[in-house]
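Enquirer: Residue numbers (our numbering), protein chains in the order written: chain P, 1 to 85; chain U, 1 to 201; chain Y, 1 to 356.
Just so you know, the hints here were simulated from the structure itself, not pulled from any lab data.
All C-beta atoms, glycine included, are put in the ideal place defined by N, C-alpha and C.
Hints may be right or wrong, so weigh each one.
If you anchor each label on the Cβ, the simulated ranges turn out as follows [what the hints assert, rightly or not]:
(1) Y/326 to U/174: 51 to 59 angstroms
(2) U/157 to Y/28: 39 to 47 angstroms
(3) U/184 to Y/240: 41 to 49 angstroms
(4) U/104 to P/64: 55 to 63 angstroms
(5) P/1 to U/104: 23 to 31 angstroms
(6) U/32 to Y/241: 27 to 35 angstroms
Listed next, the in silico PhoX-like pairs over lysine-lysine satisfying Cα-Cα at most 25 angstroms (straight line) [as the list claims (entries may be wrong)]:
(7) U/50 to P/53
(8) U/85 to Y/93
(9) Y/69 to Y/353
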Amino acid sequence: MEELKEELKGKIIEVLNLEDISVADIDDSDALFGDGLGLDSIDALELIVLLDKEYGIKLSDPKQGKSIFESVNTMADYIAKNRTK
Amino acid sequence: MDRPLYISHYSKIENGRISVDGNAIFHTDEAQFFAFIKQAFKNQQIDYSKFYKMDNLSKLAFLAAEVLLNEEEDKEDIALVLSNKSASLDTDVKYQGSIQDAANFFPSPAVFVYTLANICGGEIGIRHGMKSEHVFFVSDEFDAVTIFNYATYLIKSLKAKKVLCGWVELFEENYKAVLYLVEERGTALHTTDTINKLVKN
Amino acid sequence: MNCVTPLGLDLHSNWIALLEENTGIDMHTIGYFENIYTAKIKNLPTVRSDLTYLETMLYLALEPLVKLKNLDTKTGFILSTTKGNIDFLSEGKSEEAQLNKLAVKLAHLFGFITQPIVISHACVSGLLAVSVAKRLIQMGQFDEVFVLAGDKVSEFVLSGFGAFQAMSANPCKPFDLNRDGVTLGEAAGAILVTKSDENALVEIVGEGAINDANHISGPSRTGEGLYQSISSALKEAGIAASAIDFISAHGTATPYNDEMEAIAFSRLGMHKIPINSLKGYYGHTLGASGLLELIISIQSLQNNKLLPTKGFNLKGTSKDVNIVTQAMDIPLTYILKTASGFGGSNCAAILKKMNG
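Produce the entire structure from the sequences given, and follow the hints as far as they go.
Expert: Structure below.
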């Protein structure tokens, strides 16, 4: 699980072009949206693509994203349970 | 109606060099656009992390506007008249790469949004709060007559107080940005001749 | 004026189809996308072997307008498109996909003497092109301008709207409670804007194109840019909002867009003015939509006839708007056409019936 979280942080930084942030800067429980990393609606859509491309998870209802993308913890949990690759 | 208009300031980005009103403010020998624009952005010490999410055309246009407008006040009534040759083709090609192969079909929303030429103007508008007239023209070369008439119309019709005009072209490693501000005060008279020389030199 | 759409290859056939409330939206398979709803032209004829699909649409739209005219140095040509011949990219031909190349080819084909002007400004392109034509005529650059707008349904755009989760699985439902996204469509439209009022159908009495300066993909939550665009057009026209008899809205059927429009209209006190969206007939035709819908609205103005908003059933915006739900015959003098799009763009134009 820890490995997955680290990997996920790296990928989030990469796909969202978070230039000034490193893996060590993101806490597992940090809010990704709002006051945390300050991601916006396009970033949320990009995370949906990331789930599909890297872990073979398709989110059919974008509203599901809200709880899944709360933090690295919630994302990693969801991926561990639902990944197909 | 007949009061003349002037060009108050202008900026240029070309060949690893950024200048404002003809004075170089940044220069590097970095040949790659991506590395150059990042260095230039850091050099300006601008706190705006959204910059890194932009496509290359928007980064170019953003920085050219930034160095020109950072001392301006009351930016809400500055209209934006941009033009280039390749529209958003540079990003279009990148986006096409993400959908070219049906077995590896992962279109990126963050790339797709930049596959419209006017988005770079939208980025400038957001940064400077320019809730104003915006337009994006595409032409093989800078169309001085059209841009001159359009900018003049906007000010004379009172639809804008000032107009930020220019050329923001980028395709692969070929890039050039020239922006200038048209208003009722300034040093150079706003004519098709002046803007042609400014943009094409 | 003229248009080429899934409902017909000229304006007359489009108007007949609209009066019968036919839709151009149907199930299609386009590359990667199987059995999706789009408004695609069926059986587009081949008019010349050297034209692409989009060029053929554009040619058919403009040819009837141009063929009777003498094109001189005061005749302008404006092309509005978002993606032009974008399909060339899948063949690795980026140079062929240049928008300007498309414009120059068409300009030569029709014999325009002046350099073509291309406007590529997301989904407001088609309407903004008419504003630009008017402004350049006012500045004396041209005496008349042919405005041509077109976009086709492509895998490129379908995949992008898909990635944005902005596409509906069903034919779109503008302003409806259950709206869940756009249906993409393709069309071309052409209109002649002139300095002289001889034979003119309408006068462009005011227009504006104010940016939200808020977000590159999401519309402003307060409808600020659209509100200001309409205000600017009203000011130029010298009329009050209440003088408008009908609004042809953008109405893409995404939750955010239609809500934003309802807020902007409400802020202007325009909530009782009849409003429709034509997206249920044509889908979202991107760079063509503003011009196509303007042309159909002029047809409405000429015939004093409002078309219902196909796909709308239940009120679905937080602010009340007076959606036209069935065909209506009412006297029309002033109409407002609006459009909004990516990049925070908005555009509004007010037209007045000649001798109205």
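Enquirer: Next step is simple, just say for each hint if it's right about the structure.
Expert: Evaluation of the provided hints:
1. Y/326 to U/174: 51 to 59 angstroms: This hint holds: roughly 55 angstroms between Cβ atoms.
2. U/157 to Y/28: 39 to 47 angstroms: 44 angstroms, holds
3. U/184 to Y/240: 41 to 49 angstroms: 31 angstroms, violated
4. U/104 to P/64: 55 to 63 angstroms: With Cβ atoms ~24 angstroms apart, the hint is violated.
5. P/1 to U/104: 23 to 31 angstroms: 28 angstroms, holds
6. U/32 to Y/241: 27 to 35 angstroms: 52 angstroms, violated
7. U/50 to P/53: The given pair, whose Cα atoms are some 24 angstroms apart, holds under the 25 angstroms limit.
8. U/85 to Y/93: 16 angstroms, holds
9. Y/69 to Y/353: Holds: residue 69 of chain Y and residue 353 of chain Y sit about 24 angstroms apart, inside 25 angstroms.
Of the numbered hints listed earlier, those contradicted by the structure are 3, 4 and 6.
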